[in-house]
Amino acid sequence: MIKIERRDETSNLIYFLTPVLAIFLTLVAGAIIFYLLGFKPSEALKFFFITPISDLYGLSELLVKATPLCLIAIGLSFCFKSNNWNIGAEGQLTFGGIVGGGVALLFYNHEGFYVLPLIILAGAIGGMIFAMIPAILKIYFNTNEILVSLMLVYVSKLLLDYLVVGPWSNPEGFNFPETRQFSDSARLPILFDGLRIHAGIFIALVSVFLAWVVLFKTYLGFQIKVSGLSLKTAKYAGFKGKTMILLVFMVSGACAGLAGVGEITGPIGQLHRMISPEYGFTAIIVAFLGRLNPIGIVFASLIVALTYLGAETAQIFLQVPKYTGQVFQGMILFFLLASDFLLFFRIKFLRFKKYEY
Amino acid sequence: MNIDINFLGILIGAIMASSVPLILAASGELITERSGVLNLGVEGMMIIGAISGFAIMVITDNLFLAIIGSMLSGLLLSFIFGFLTQSLLTNHVATGLALTIFGIGLSAMIGKDFVGIPGKEFPLLFVNLKEVIPLFGPIFFGHSIVFYFAFLLPFGTNYFLKKTKIGLIVRAVGDSPVSAANQGINVLLVRYCCILYGGAMCGLGGAYLSLIYTPQWIENMTAGRGWIALALVVFATWSPLKVLVGAIIFGGITILQLHMQAIGIRIPVQFLSALPYIMTIVVLVIISRDSRKIKLNTPTSLGQIFYKEK
Chain A
1 MIKIERRDET SNLIYFLTPV LAIFLTLVAG AIIFYLLGFK PSEALKFFFI
51 TPISDLYGLS ELLVKATPLC LIAIGLSFCF KSNNWNIGAE GQLTFGGIVG
101 GGVALLFYNH EGFYVLPLII LAGAIGGMIF AMIPAILKIY FNTNEILVSL
151 MLVYVSKLLL DYLVVGPWSN PEGFNFPETR QFSDSARLPI LFDGLRIHAG
201 IFIALVSVFL AWVVLFKTYL GFQIKVSGLS LKTAKYAGFK GKTMILLVFM
251 VSGACAGLAG VGEITGPIGQ LHRMISPEYG FTAIIVAFLG RLNPIGIVFA
301 SLIVALTYLG AETAQIFLQV PKYTGQVFQG MILFFLLASD FLLFFRIKFL
351 RFKKYEY
Chain B
1 MNIDINFLGI LIGAIMASSV PLILAASGEL ITERSGVLNL GVEGMMIIGA
51 ISGFAIMVIT DNLFLAIIGS MLSGLLLSFI FGFLTQSLLT NHVATGLALT
101 IFGIGLSAMI GKDFVGIPGK EFPLLFVNLK EVIPLFGPIF FGHSIVFYFA
151 FLLPFGTNYF LKKTKIGLIV RAVGDSPVSA ANQGINVLLV RYCCILYGGA
201 MCGLGGAYLS LIYTPQWIEN MTAGRGWIAL ALVVFATWSP LKVLVGAIIF
251 GGITILQLHM QAIGIRIPVQ FLSALPYIMT IVVLVIISRD SRKIKLNTPT
301 SLGQIFYKEK
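Residue numbers (our numbering), protein chains in the order written: chain A, 1 to 357; chain B, 1 to 310.
It is worth saying that the hints were derived from the structure and are not from the lab.
Quick reminder that beta carbons are idealized off the backbone N, C-alpha and C, glycines included.
Hints are not guaranteed to be accurate.
Subject to a maximum C-alpha distance of 25 Å in a straight line, what follows is the list of computed DSS-like cross-link-like pairs (lysine-lysine) [as the list claims (entries may be wrong)]:
#: 1; chain 1: A; residue 1: 217; chain 2: A; residue 2: 81
#: 2; chain 1: A; residue 1: 235; chain 2: A; residue 2: 225
#: 3; chain 1: B; residue 1: 293; chain 2: A; residue 2: 235
#: 4; chain 1: A; residue 1: 240; chain 2: B; residue 2: 295
#: 5; chain 1: A; residue 1: 232; chain 2: A; residue 2: 46
#: 6; chain 1: B; residue 1: 162; chain 2: A; residue 2: 232
#: 7; chain 1: B; residue 1: 165; chain 2: B; residue 2: 295
#: 8; chain 1: A; residue 1: 242; chain 2: B; residue 2: 295
#: 9; chain 1: A; residue 1: 232; chain 2: B; residue 2: 120
#: 10; chain 1: A; residue 1: 235; chain 2: B; residue 2: 295
#: 11; chain 1: A; residue 1: 40; chain 2: B; residue 2: 295
#: 12; chain 1: A; residue 1: 322; chain 2: B; residue 2: 130
#: 13; chain 1: A; residue 1: 81; chain 2: A; residue 2: 225
#: 14; chain 1: A; residue 1: 242; chain 2: B; residue 2: 165
#: 15; chain 1: A; residue 1: 81; chain 2: A; residue 2: 46
#: 16; chain 1: B; residue 1: 293; chain 2: B; residue 2: 242
#: 17; chain 1: B; residue 1: 112; chain 2: A; residue 2: 46
Okay, the calculated bits of chain A under chain B, using three or more residues with CB under 8 Å as the criterion [stated by the list, open to error]:
#: 18; region: 191-200
#: 19; region: 279-285
Use the sequences and the hints to build the structure in full.
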C-alpha cells in the first residue's frame with residue numbers, strides 16, 4: 001500500500017535539492033525525446049550540454065546569455081514572491097530597449113562618458129513605465145495582470161518593428177530593418193578581447209546583491225514575503241497592498257528594461273527586429289528554478305542559458321530547430337513543479353500487518 | 001450595388017471564419033475554468049494541435065484522421081497539465097506557462113520536416129448555395145464542417161452548463177470543490193475530464209488554422225491566438241454565448257485590419273496589427289471594472305489547489 005501524507009515541515013535541504021532532481025529528470029526525458037526523433041541520445045545530449053561550454057568562447061557566450069536572464073528573473077522574483085503574475089517581461093525588455101535605443105540614436109555622433117549611463121537609465125525607466133501599465137490597471141480596474149502584461153508584449157514588439165522599419169531605420173542602411181550603429185561611447189565595454197562578454201554582467205551582479213539585501217534585510221522584503229504567503233495576513237497587518245503591487249511591477253519592469261539596454265548596448269550595438277530570443281519568457285523559468293532566491297537565480301540563469309547555447313549547437317550539428325531549447329526549458333519547469341510534490345508530501349509505503357495465529 | 005452586398009457578405013463570412021479558432025479554444029477553456037482549473041497552456045495546446053493535425057494529414061492523406069489526431073494531441077498535452085496540477089498539486093499559473101513554452105518548442109521540433117509543404121484542400125459544405133443567395137450565401141454557406149461545429153459549440157456549452165446534471169456538477173466543483181467532495185462527487189475525475197476536454201478543443205482550434213484557414217505549417221503560427229482565447233473567457237465572464245460575441249469582435253478586428261491595409265489607409269501596418277491586442281486590454285478593463293459582475297460568474301475556486309486529506 002502506498003499512502004500520501006502531508007509533511008509537517010519541509011527541510012531546507014530538499015528545498016534546494018529538488019531543482020537538481022528536476023534538471024536530472026529533464027536530461028533523462030530529453031534523451032528519450034532525442035531517441036524518439038532518431039538521434040543517438042548520448043551524442044545529442046553531448047552536443048546540447050557539453051560541446052557549447054567546452055572552450056573559453058563558449059563560456060563567455062554562456063555568461064552573455066545568462067546576464068539578461070538573471071537580471072529579468074531577479075525582477076520577476078519580486079513579483080512572483082508577492083503573488084503578482086507579471087509574465088510580460090519580454091515586453092518590458094523590448095520597451096526598455098526602445099527607449100534606451102532612442103537615446104542612443106540621439107547621441108549617435110556624440111562621444112562622452114555621460115552617454116552610456118543616460119542610455120541605461122532611459123532603458124530602466126522605459127521598462128519600469130511599461131510594467132506600470134498592468135500594475136495600475138490591476139490596482140484601479142481589477143484587471144487580470146497576466147493577460148494585460150502579455151498583450152503588451154505583442155504591442156511592444158510591433159512598435160519596435162514599426163520604428164526600425166520606419167522612422168528610426170538607418171538612412172544609409174539600404175532599407176534593412178535596423179537602425180544606425182550606436183557610437184562607441186554608447187556601448188557597454190567588452191571585458192576580454194575576442195570574446196563577447198561585456199560589462200552588463202556587473203549590472204546583473206549588483207542587482208543580485210541589491211535584491212538579496214531588499215528581500216532578506218528590509219521591512220519591504222518582509223512585506224513582499226508575507227503578501228505572497230497570505231494576502232489576508234498582509235491586509236490584517238496593515239501593509240499597503242496597492243503601493244506594493246505598483247512597486248514590485250516597477251522593480252521587475254526596470255530589471256527587464258535594464259536587460260533590454262544591456263542587449264542593445266552590449267552584444268547587438270543597434271536596434272533591430274529581434275533584440276531578444278524570448279529572454280523575458282525564459283526568465284520566468286529561471287525565477288522558479290532559482291526558487292525566487294537571488295543566489296538560486298544566479299545558478300538557474302547559467303543552467304537555462306546553457307539550453308540556449310545547446311539549442312544553437314544542436315541546430316548546427318543535428319539540424320534540429322533552435323526551438324528545441326524551449327522543449328528543455330518547458331520540461332525543466334514541469335519536473336521542478338512536479339518534484340515540489342516531495343516538498344509538501346511524503347510517500348509512505350505501508351506494510352500489511354501480519355496476523356499471528 | 002449587387003457587388004457591394006456580396007462583398008459585405010464575403011467580409012462577414014471571413015470575419016466569422018477567422019473567429020473559429022478563438023471560439024473553439026475559448027469554449028474549451030471555459031469548461032476547464034468552470035471546473036475551477038486555470039490552464040494558461042492554451043497557446044501551447046493549440047500549436048501542438050496545429051502541427052499534429054498537419055503532420056497526420058501529410059502522412060496519412062486523411063483529413064478525418066488529421067482532425068481526430070489534433071484533438072488527441074491537444075488532449076495528451078492537457079493530460080500533462082492535469083496530472084501536474086491535480087495529482088501533484090502544482091501551481092496552475094506556472095504549470096500552464098510551462099505547457100505553452102513546451103508546446104511551442106515541441107511543435108517546432110516535430111514541424112521541421114513539414115515547413116513549406118502545401119496543405120490539402122478541405123471539403124467545404126453547401127458551396128452551391130453560397131453563390132445563389134445574395135449576402136447570406138457567403139456568410140453562412142461554403143464553410144468547413146469545423147466552422148459549423150464551432151458556431152454550434154457555444155450553444156451546446158451553454159445548454160450543458162445550465163440544463164444538464166453533469167453541467168451542474170462541473171459548476172459545483174468549480175465553485176466549491178470541498179462541498180462537492182462532501183456530496184460524494186469525485187472532484188479529481190470531474191476536473192480531469194474538463195481539462196482533457198479543454199485540451200481537445202484547443203487542439204481542434206489549432207488544426208483549424210493549419211488544415212483549413214491557412215492550410216500549411218508555419219512555426220509559431222497560432223501567433224498569440226491562445227492568449228486572446230484566454231482573454232475571451234474573462235471577456236465573456238465565463239458565459240459561453242458571450243464567448244461567441246467576443247470571438248466575432250476579435251475576428252472582425254483581425255479582418256478589418258487586413259482590409260484597411262489592402263485599401264491603403266495611411267496607418268502603419270504595425271499599428272493595425274497591434275489593434276487586437278490593444279482592444280483585448282481595453283475590453284478587459286471595461287469588463288473587470290465592475291468587480292461585482294465579475295465575481296458573480298467567476299468560478300470561486302479558479303486556480304486554487306484542491307487537496308483532500310484521505
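Non-conforming hints, listed in increasing numerical order
5, 6, 9, 11, 12, 14, 15, 18
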